[in-house]
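Enquirer: Please work from the sequences and hints to get the whole structure.
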Amino acid sequence: MNTIMKTYENTGNKDTRSGFGAGLTELGKTNENVVALCADLIGSLKMDEFKANHPERFFQVGIAEANMIGIAAGLTIGGKIPFTGTFANFSTGRVYDQIRQSVAYSGKNVKICASHAGVTLGEDGATHQILEDIGLMKMLPGMTVINTCDYNQTKAATLAIAEHKGPVYLRFGRPKVANFTSENQKFEIGKAVKLTDGIDVTIVATGHLVWEALEASKVLYEQGISAEVINIHTIKPLDEDAILKSVAKTGCIVTAEEHNYLGGLGESVSRTLVKNNPTPQEFVATNDTFGESGTPSQLMDKYGLNAKAIIEASKKVLKRK
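When we follow full-length UniProt numbering, the leftmost residue of the sequence shown carries the number 1, and every step to the right adds one.
Keep in mind the hints are simulated off the structure, nothing from the lab.
Model, not experiment: these values are computed from the prediction.
Incorrect hints may have been included.
Claimed, not checked - List time: in silico BS3-like cross-link candidates among lysine-lysine, alpha-carbon distance up to 25 Å: (1) 14 <-> 176; (2) 29 <-> 6; (3) 191 <-> 316; (4) 108 <-> 191; (5) 186 <-> 29; (6) 302 <-> 321; (7) 191 <-> 6; (8) 14 <-> 218; (9) 80 <-> 29; (10) 51 <-> 176; (11) 176 <-> 186; (12) 6 <-> 186; (13) 138 <-> 191; (14) 6 <-> 275; (15) 165 <-> 176; (16) 80 <-> 51.
Expert: Below you can see the structure in the form of structure tokens.
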């Protein structure tokens, strides 16, 4: 092995939903066209400060998510930039028809911001732990799909999507996770971030699995395996060039996501590889299943969504080269 292992420091666990709240608060001060709508989950979405500072630009819709999407679509006609906030399950599955017809089909400039995604929602159980939302949203023509990895990146993404013209789905989570990306980063929609260089295996991860991928890469390095780790924060449009450039060097790839393997990041990567450079791939994702009640760490362990699973998948795919 002739590569030097780059390491990242966790500056302190923070929840990604607070990164969204911080970004929205900043937008309230800098962009008068930004408005916010919430479906009775102000505290959970960390929208309290925006509401306090800009009550005239905040709309508490109540437990009426479909109405929230319709109102948001209407507000864009007057030049407003609406940010909607509720749990990922309610942001997508419950209101899919409204998003398809009123937002995506019409190309409205609505930012659909979704917290509590995946199994790390935890004890609320299977009915709230949506694991198919990325697939639902990426299938909509014109919809940008973003899944951030930590507090800093979520804040940066929130600021960036306000400048992007067109509908966006921004996905983040409930628990406190490692905060390791730059505080003053420039978030580029559709541009992957290579975190470590490697020559043996490519690991592309999104959301909470990015830190797990970095942890896995350290163990693999100690075992003589050089892993290239790439943070795919934008699932659509996918940075195909970054993926293809990496696998041309490593010859195999692992995809890691807190989502069903059907319809998620892994499937998008597979399509890219099939079209351009067929490459052995292993998936770290849920296996066509719903979640259940439990702590986030218990569930991530049960469903194989952690560094241990990424290490195992990496060794498995290496044998297929």
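Enquirer: Check the structure against each numbered hint from earlier and tell me which ones fail, lowest number first.
Expert: 2, 3, 6, 14 and 15
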